[in-house]
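**Student:** Given next are the chains, with one letter for each unit.
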Amino acid sequence: MVKSRHILHDFDAALDSLRADVLMMASLTDRNLQNAMTSLFDRDPQLCAITISDEQEINSLEKTVDQNGIDLLLRYQPVASDLRQVVSAMKLSSNLERIGDQAVKIARRSRNLSMEPELDEAGALGPMFMEATGLFRDSVRAYADGDVALARSLRVRDSEIDQMNLDIADNLTISMAKQPDRIRDYLNLLFIARHLERVGDHAKNIGEEAVYATAAEDIRHAGSSF
Amino acid sequence: MIETAVQSPNSMSQQVTDQGTHLPTVAPTEVPAFKVQNLSIWYGQKQAINDVTIDIPSKTITAIIGPSGCGKSTFLRCLNRMHELMPHTRVEGKVLFQGEDLYGAGVDPAAVRRRVGMVFQKSNPFPTMSIAENVTVGLKLNGLRKRSLLDERLEKSLRMAALWDEVKDDLKKPGMSLSGGQQQRLCIARAIAVEPEVVLMDEPASALDPIATMKIEELIGVLKSNYTIVIVTHNMQQASRVSDKTAFFYVGKLIEFNDTKTLFSQPKEKKTEDYITGRFG
Chain A
6 MVKSRHILHD FDAALDSLRA DVLMMASLTD RNLQNAMTSL FDRDPQLCAI TISDEQEINS
66 LEKTVDQNGI DLLLRYQPVA SDLRQVVSAM KLSSNLERIG DQAVKIARRS RNLSMEPELD
126 EAGALGPMFM EATGLFRDSV RAYADGDVAL ARSLRVRDSE IDQMNLDIAD NLTISMAKQP
186 DRIRDYLNLL FIARHLERVG DHAKNIGEEA VYATAAEDIR HAGSSF
Chain B
6 MIETAVQSPN SMSQQVTDQG THLPTVAPTE VPAFKVQNLS IWYGQKQAIN DVTIDIPSKT
66 ITAIIGPSGC GKSTFLRCLN RMHELMPHTR VEGKVLFQGE DLYGAGVDPA AVRRRVGMVF
126 QKSNPFPTMS IAENVTVGLK LNGLRKRSLL DERLEKSLRM AALWDEVKDD LKKPGMSLSG
186 GQQQRLCIAR AIAVEPEVVL MDEPASALDP IATMKIEELI GVLKSNYTIV IVTHNMQQAS
246 RVSDKTAFFY VGKLIEFNDT KTLFSQPKEK KTEDYITGRF G
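Protein sequence lines, in the order shown, are assigned to chains A and B.
Positions 6 to 231 (my numbering) are the ones given, in order, by the first sequence.
Positions 6 to 286 (my numbering) are the ones given, in order, by the second sequence.
It cannot be assumed that every hint is accurate.
Stated by the list, open to error - Here are the computed lysine-lysine pairs in the DSS-like style, where the Cα-Cα straight-line distance is at most 27 Å:
| id | chain 1 | residue 1 | chain 2 | residue 2 |
| --- | --- | --- | --- | --- |
| 1 | B | 51 | B | 161 |
| 2 | B | 99 | B | 40 |
| 3 | A | 8 | B | 266 |
| 4 | B | 51 | A | 8 |
| 5 | B | 275 | A | 8 |
Stated by the list, open to error - Incomplete in silico selection of chain A near chain B, CB under 10 Å:
| id | residue |
| --- | --- |
| 6 | 10 |
| 7 | 39 |
| 8 | 43 |
| 9 | 46 |
| 10 | 50 |
| 11 | 79 |
| 12 | 80 |
| 13 | 84 |
| 14 | 87 |
| 15 | 89 |
| 16 | 109 |
| 17 | 220 |
| 18 | 222 |
Claimed, not checked - Some chain B residues flagged as far from chain A (calculated, every beta-carbon gap over 10 Å):
| id | residue |
| --- | --- |
| 19 | 48 |
| 20 | 134 |
| 21 | 249 |
Bear in mind the hints are in silico, worked out from the structure with no lab data behind them.
Every residue gets a Cβ at the ideal spot worked out from N, C-alpha and C, and that includes glycine.
With the hints as constraints, model all of the structure from the sequences given.
**Tutor:** Here it is as structure tokens:
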């Protein structure tokens, strides 16, 4: 449905502002995720510290989105697509904050790894990182553009990331057996893969919210047909 | 026994005969209370309702929403032929009530209104009557004279209207001595005292404060178990709170009719979406 302007211009402004905050949050989360992975591959402890400290900005925006969302619900009692937009924005901010948490966890483990000799197996995380960040960006694009087809396609890609996580875990387990003195470092890599897998889960959730906001359809837990 | 229209679906053209006891309540049924088919209504040259077809289910609360002048009050009034009180009214189409044509030959409008009661926007207790007289006046007009039965029906109606506890010691006081919210509940008690099958409500809480409004809304929910309720309201939050089904009217046409939850969360029509989200015009 093509949206007309609301009779109350303040409402349109408030809703636009809410969406802008969510998209800003997505942008900061993306940057933090990039920094976290760069800190791993470049073995840069300073970038790890920046990633960890930048999370505050994301957390602060999450609270702003929640407060403004509740304010919008209280003041305007929106219904139909307006209500879905507000609810989705609030749920998106929660997923973005959790992706931000995963970025911080990756940065912390990267910092630990940077203090030890480099492991060749770290390179195996590169393709998984590309997939996870690609999925995340597409989920945000689906939300921003109301692209239901793109949003629906994310679930399959999340399953592919889940499989990558399992494959990496198998390979790292073999490496641990070969170099038991580096178990702690391999565990750090294994957990980074796990954090990226969680990023994929949250991106899939964002895609589901995009479908709900745009098409009023709840596709959560609906099997693989979506 | 009262042989009123309430007892027999075929008795709208019959005369009320005599005094009696309880009138039976209508059992829940899958048959719609009203089956409206291609209804159009004109006031002189002006068409107020345009080819409306809708089934209003029994024992549910149906809300009618729409902007001013969309025909929602006219539609409500045509369900008990109240609109005929306006001059130069013309009706086309059918309104079947429990399968019987409300506009059929020989149907007595007064009998229709006994079965299909109405509560108006502004509370209108009879100014010269006491609280008790306001409630029982319809019963007396229907021929009920026995004191004990009148008292029984008075208490029952006031209890159903959630007013008994507030007025039981003041039944002889004027109806007009009550607060606005109490007066409206008194009017509801008056409407249900004659045990209609349907209660039509035309913005029953629009002139009340929030607390009185909540009491009326609570009461509407309670009445649903015994009555079919059709309510016209400008307050969309009220419609979404109290009703099971909602119909959206625009310039005399029925645009959308659906479960209230669906209509307010996933409306099918753009006009509905624009209206309920405040994007009209």
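**Student:** Now look at each hint and say whether the structure bears it out.
**Tutor:** Against the structure, the hints:
1. At roughly 43 Å between alpha-carbon atoms, residue 51 (chain B) and residue 161 (chain B) are farther apart than 27 Å, so this suggested pair is violated.
2. With a CA separation close to 8 Å, the supplied pair residue 99 (chain B) and residue 40 (chain B) stays within the 27 Å bound.
3. The suggested pairing of residue 8 (chain A) with residue 266 (chain B) holds, with an alpha-carbon distance near 21 Å, which does not exceed 27 Å.
4. Proposed proximity of residue 51 (chain B) and residue 8 (chain A) is contradicted: the alpha carbons are some 32 Å apart, above 27 Å.
5. Proximity of residue 275 (chain B) to residue 8 (chain A) is assessed by CA-CA distance (about 9 Å); at most 27 Å being required, the pair is judged to hold.
6. Annotation: residue 10 (chain A) was flagged as interfacial toward chain B, and the flag holds, the nearest CB pair being 7 Å apart, inside 10 Å.
7. Interface hint at residue 39 (chain A): violated, since its Cβ lies 37 Å from the closest Cβ of chain B, which is beyond the 10 Å cut-off.
8. At its closest, the beta carbon of residue 43 (chain A) sits 43 Å from a beta carbon of chain B; the interface hint therefore is violated under the 10 Å criterion.
9. Violation of the interface hint for residue 46 (chain A) is found here, the shortest Cβ-Cβ separation to chain B being roughly 46 Å, above the 10 Å cut-off.
10. With a least beta-carbon distance of about 50 Å to chain B, the hint placing residue 50 (chain A) at the interface is violated under the 10 Å criterion.
11. Hint status for residue 79 (chain A): violated, given a least beta-carbon distance of 12 Å to chain B, over 10 Å.
12. Using the Cβ-Cβ criterion of 10 Å, the hint placing residue 80 (chain A) at the interface with chain B is not satisfied: the shortest such distance is roughly 12 Å.
13. With its C-beta approaching chain B no nearer than about 5 Å, residue 84 (chain A) sits inside the 10 Å limit, and its interface hint holds.
14. Interface restraint check: residue 87 (chain A) against chain B, minimum CB-CB distance 5 Å, threshold 10 Å, status holds.
15. The beta carbon of residue 89 (chain A) is positioned within 10 Å of a beta carbon in chain B (closest approach about 8 Å), and the interface hint is therefore held.
16. About 36 Å separates the beta-carbon of residue 109 (chain A) from the nearest beta-carbon of chain B, more than 10 Å, and the hint is not met.
17. Given the 10 Å rule on beta carbons, the hint for residue 220 (chain A) holds: about 9 Å separates it from the nearest Cβ of chain B.
18. Proximity of residue 222 (chain A) to chain B holds as hinted, the smallest CB-CB distance being about 8 Å (cut-off 10 Å).
19. With a least CB separation of 29 Å from chain A, residue 48 (chain B) remains clear of the 10 Å interface cut-off, as annotated.
20. Once the 10 Å rule is applied to beta carbons, residue 134 (chain B) is consistent with being away from chain A; the minimum gap is 40 Å.
21. Listed as a non-interface residue, residue 249 (chain B) keeps its Cβ farther than 10 Å from every Cβ of chain A; the least gap is roughly 17 Å.
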